[in-house]
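Engineer: Spelled out, the chains give:
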Amino acid sequence: MTKTLFEKSQTDQHAYSLPKDENVFKAFLPPEHLLRQTPAQLPEISEIDLTRHFSELAKKNMGIDTHFYPLGSCTMKLNPRVNELCASFSGFTRTHPLAPEESIQGNLQIISELISFLCQLCGMTAGSLLPNAGAQGEYVGVRMIAEYHKHRGDHGRNEILIPDSAHGTNPATAGLAGFKVVPVRTNSEGDIDLEDLRRLSSERTAGLMLTNPNTLGLFSSVITEIADIVHNAGGLLYYDGANLNAIMNIAKPGAMGFDVMHLNLHKTFSTPHGGGGPGSGPVFCNDKLKDFLPLPKVIKQNNVYTLVWKDAKSMGKIASFHGNFAIYLRAYLYVKLHGNYGLRKISEQAVVSANYLKKRLGKLFTIPFPQYCMHEFVVQADNYLNQGIKASDIAKRLLDYGIHAPTIYFPLIIKECMLIEPTESESKATLDRFVSVLEKIVAEILETPEIVKNAPHTLSVRRLDEVRAAKNPILKRVST
Amino acid sequence: MWLIECSLGHRNTVGKGSMDFISNSEKQKNEMLAEIGVKSVEELFCSIPKKMLLPPISNDDGLSEYEGIKLMEALANKNTFSHFDNYLGAGAYEHHVPALVSAITSKSEFLTAYTPYQPEASQGMLQIIFEFQSAICALTGLDVSNASLYDGASACAEGLLMALRSQKPRQKVLIADSVHPHYSEVIKQYLSHPEITVEYIPFLSDGTMDLNHFGKMLDDNVAAVLIQYPNFFGGIEKIQQICKMVKNAGALTVLCANPLVYGLYQSASELGADIAVGDSQPFGLPLQFGGPYVGYIACRQELVRQLPGRIVGETVDTLGNRGYVLTLQAREQHIRREKATSNICTNQALAALASLVGILWYGKKGIQKLALTNYQRAAYLKDKLKSICQPTPFDAIPFFNEIIVKFKKPSVIVQKHFRQQGIEPGVSLERFYPHLKDYFLIAVTETKSLEQLDKYVETARSLEKCEDQ
Numbered sequence: 000m001t002k003t004l005f006e007k008s009q010t011d012q013h014a015y016s017l018p019k020d021e022n023v024f025k026a027f028l029p030p031e032h033l034l035r036q037t038p039a040q041l042p043e044i045s046e047i048d049l050t051r052h053f054s055e056l057a058k059k060n061m062g063i064d065t066h067f068y069p070l071g072s073c074t075m076k077l078n079p080r081v082n083e084l085c086a087s088f089s090g091f092t093r094t095h096p097l098a099p100e101e102s103i104q105g106n107l108q109i110i111s112e113l114i115s116f117l118c119q120l121c122g123m124t125a126g127s128l129l130p131n132a133g134a135q136g137e138y139v140g141v142r143m144i145a146e147y148h149k150h151r152g153d154h155g156r157n158e159i160l161i162p163d164s165a166h167g168t169n170p171a172t173a174g175l176a177g178f179k180v181v182p183v184r185t186n187s188e189g190d191i192d193l194e195d196l197r198r199l200s201s202e203r204t205a206g207l208m209l210t211n212p213n214t215l216g217l218f219s220s221v222i223t224e225i226a227d228i229v230h231n232a233g234g235l236l237y238y239d240g241a242n243l244n245a246i247m248n249i250a251k252p253g254a255m256g257f258d259v260m261h262l263n264l265h266k267t268f269s270t271p272h273g274g275g276g277p278g279s280g281p282v283f284c285n286d287k288l289k290d291f292l293p294l295p296k297v298i299k300q301n302n303v304y305t306l307v308w309k310d311a312k313s314m315g316k317i318a319s320f321h322g323n324f325a326i327y328l329r330a331y332l333y334v335k336l337h338g339n340y341g342l343r344k345i346s347e348q349a350v351v352s353a354n355y356l357k358k359r360l361g362k363l364f365t366i367p368f369p370q371y372c373m374h375e376f377v378v379q380a381d382n383y384l385n386q387g388i389k390a391s392d393i394a395k396r397l398l399d400y401g402i403h404a405p406t407i408y409f410p411l412i413i414k415e416c417m418l419i420e421p422t423e424s425e426s427k428a429t430l431d432r433f434v435s436v437l438e439k440i441v442a443e444i445l446e447t448p449e450i451v452k453n454a455p456h457t458l459s460v461r462r463l464d465e466v467r468a469a470k471n472p473i474l475k476r477v478s479t
Numbered sequence: 000m001w002l003i004e005c006s007l008g009h010r011n012t013v014g015k016g017s018m019d020f021i022s023n024s025e026k027q028k029n030e031m032l033a034e035i036g037v038k039s040v041e042e043l044f045c046s047i048p049k050k051m052l053l054p055p056i057s058n059d060d061g062l063s064e065y066e067g068i069k070l071m072e073a074l075a076n077k078n079t080f081s082h083f084d085n086y087l088g089a090g091a092y093e094h095h096v097p098a099l100v101s102a103i104t105s106k107s108e109f110l111t112a113y114t115p116y117q118p119e120a121s122q123g124m125l126q127i128i129f130e131f132q133s134a135i136c137a138l139t140g141l142d143v144s145n146a147s148l149y150d151g152a153s154a155c156a157e158g159l160l161m162a163l164r165s166q167k168p169r170q171k172v173l174i175a176d177s178v179h180p181h182y183s184e185v186i187k188q189y190l191s192h193p194e195i196t197v198e199y200i201p202f203l204s205d206g207t208m209d210l211n212h213f214g215k216m217l218d219d220n221v222a223a224v225l226i227q228y229p230n231f232f233g234g235i236e237k238i239q240q241i242c243k244m245v246k247n248a249g250a251l252t253v254l255c256a257n258p259l260v261y262g263l264y265q266s267a268s269e270l271g272a273d274i275a276v277g278d279s280q281p282f283g284l285p286l287q288f289g290g291p292y293v294g295y296i297a298c299r300q301e302l303v304r305q306l307p308g309r310i311v312g313e314t315v316d317t318l319g320n321r322g323y324v325l326t327l328q329a330r331e332q333h334i335r336r337e338k339a340t341s342n343i344c345t346n347q348a349l350a351a352l353a354s355l356v357g358i359l360w361y362g363k364k365g366i367q368k369l370a371l372t373n374y375q376r377a378a379y380l381k382d383k384l385k386s387i388c389q390p391t392p393f394d395a396i397p398f399f400n401e402i403i404v405k406f407k408k409p410s411v412i413v414q415k416h417f418r419q420q421g422i423e424p425g426v427s428l429e430r431f432y433p434h435l436k437d438y439f440l441i442a443v444t445e446t447k448s449l450e451q452l453d454k455y456v457e458t459a460r461s462l463e464k465c466e467d468q
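Respectively, the protein sequence lines represent chains A and B.
Start counting the first sequence at 0; every next residue gets the next number (numbering that gives the first Met the number 0).
Start counting the second sequence at 0; every next residue gets the next number (numbering that gives the first Met the number 0).
A few of these clues could be false.
Partner residues aside, some chain B positions facing chain A, computed with beta carbon under 8 Å [what the hints assert, rightly or not]: (1) A91; (2) Y261; (3) V315; (4) L349.
Hints are computed from structural coordinates only; laboratory data are not their basis.
In this text, a Cβ means the ideal position worked out from N, Cα and C, and glycines have one as well.
I would like the entire structure built from these sequences, with the hints used as guidance.
Structural biologist: Rendered as structure tokens:
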């Protein structure tokens, strides 16, 4: 166990230094009646102890740099260090978000060019980099759909259709935006049930939110029919770009019939995941919706970039300033390094690697959808329930072998689900090792299931009691 | 011989310039295709309708790493702003970022991990979030905090949304007009629900809330009131009094604060606020054109189940050892779907780590000294400018590290003159409030030396010689 820093406090230890306290400053004293009565109970720690604390914590964490991390729908690919280097240039880090336009032409050029590049990649005509993560991008997109119908005087559309295989953020977003969520069934082939979609599409439909390839890793072969059904009912199509890694320069969401979409730059474009953010969830759309994009917008005239802060038709602001600039500038460099050529190669390899793994794992687990997958796939780990072993047990045992677990129990519609996404970064040797580790675990299940049931055994903690944490929440430490 | 083979024998692969970070060679790819049982990658795309399938690309249009760095250097150099003495604030502050911050945030295990879905493999990040929550509680004085939100604006919106849930069936929120105008606009976006009413509380000529008017607005449909500390004009409102009025009306106070203010002035808890929100950028995060920053939210214990987003809790493992997990997940989108307390999933974890390191590097005493240093330098500049600038109603209001000044020349002239001296003089308030023509909001932090402040004063003094046109 590593004590928290709040328990490591030692009186008068410190790491900080401050600029010289000139005598002329000392004369100014703040009004007494406003002063804090009890100082903030923060610890007092030296720099060496601070450093060691975080070094110790780092050892208790898996990252892509240290472990294979096939977490489905999260696209855990290599994070090139050149991104980190360039994001730290003082020309970027020292720019204030309200600085005069003539002094931030580099930043504005990055925004403008990245929007153009990603628009072309997605088959859209306009976009905004403002949303801070995928879920906020979804919110912007859904609000734009609402604005679109409102401007047409089409006021009865209060429903958003969402497949039952969708990420939880889709229904949560639609709910937050004031829509009624209407779930659409997935059929036995893992695709949207067209009959169900026809039945549910109506004059109340504002739009459909769809991930394609979907969260089962399958590309919908009836995407054209889906788009027609929703469009004919007067609704719009929203594309959740969480899975774009499968289709870069292979197929464009715009050509599939989508009207508005977001991307997760921290997934497909490898700005780091950072232990859970910051992400970046830019939004792109076609001509129907472009007037409603959020503010500020960047425009280019005579080779000079300017910011537009006011626009009557726009949905308005969504972030404090310009969104997660230092994140999307990494995506800018990533697409420049790859070019369209490299991005297509990424998607091709991601799909080959996923299908290879799927083929090999078919000998160990149930494969609910036998057709070729895209960049990820689901296995149903229900073969060993008789031995008392669930997907979560296999996931925990993988950790002992130095492999981060796949996404488990998502999508919710598959029993004992494991969603596996190897990404293009991993070599065949790594994938082969993953298969052989799973073979070993299956052997363990048959011979000594207790080892698997009680895993992990080799990490800093054993299996943790989540029920206890929720029952009596302890959410902080106070400095002692 | 080997070299020749590299340059001739493998021309297809070795001569390639751009990057793709793919570790498999053609040979390995073909082995994988053979195992799958297909001859080409294209066969794997058979579910994609033919009419939307794009042809392969033959022209390699990517860059090498060296070329990429040169490109980014050139773009960074186009940003001349980094050479100015910067006095812009208004929600984004130039502070010293301790060198330790990037040393910690660049650690592979944090930088390249994702949301701690497997707690046993993520104890490092989980404990960091737990410590971030503890630090936010210490600063605000409130009981519980979440793992972070996107930024100050979204934190305000989420704070109001949680207050609305908690105070049902009340459906109105009041927002002080002295809250950051960007934040107000984002809040409007999040509260665009047809049943919710948003009203704005006007401010007096000194920028503080019109309390008489406010009293009349506080009816029994008001769920929450949002105020800012210091307000957008850098002034300290009569917050204790406002919190009392709100409490008596049966509503909740959401207090948006620059967290550095808590090093000097009363905590959210001492002031009587129910929910504390804001942006923790001043600790550990550079300006970087507005993001990533890190929104925080803390509240009183009884509101904990209304908090949005991730929360980390302490627990034990099967051997009784202390450990950490994501907890109270029944509030969240992956479980509750459309009934979740928020749609947030990915938050600002690494920025929260940066901020945590920033807070702890200063520590208990350092934060008090840092806050006082900020106040004193702002007070010095305000005092020196008094005789040069026009008197305004803002002068009498207590402040922290931002001050309001009205120069004796039009703002366009002021900006031009200061910029010629290599100074960005402050935020011109006219862009936000047209009636505050020629007013500037000036942020002064520990990064401004006596020499720089005196240069500011001299530049202001020499404005007199500037022609009006």
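Engineer: Give me the numbers of the hints this structure contradicts, sorted from smallest to largest.
Structural biologist: none
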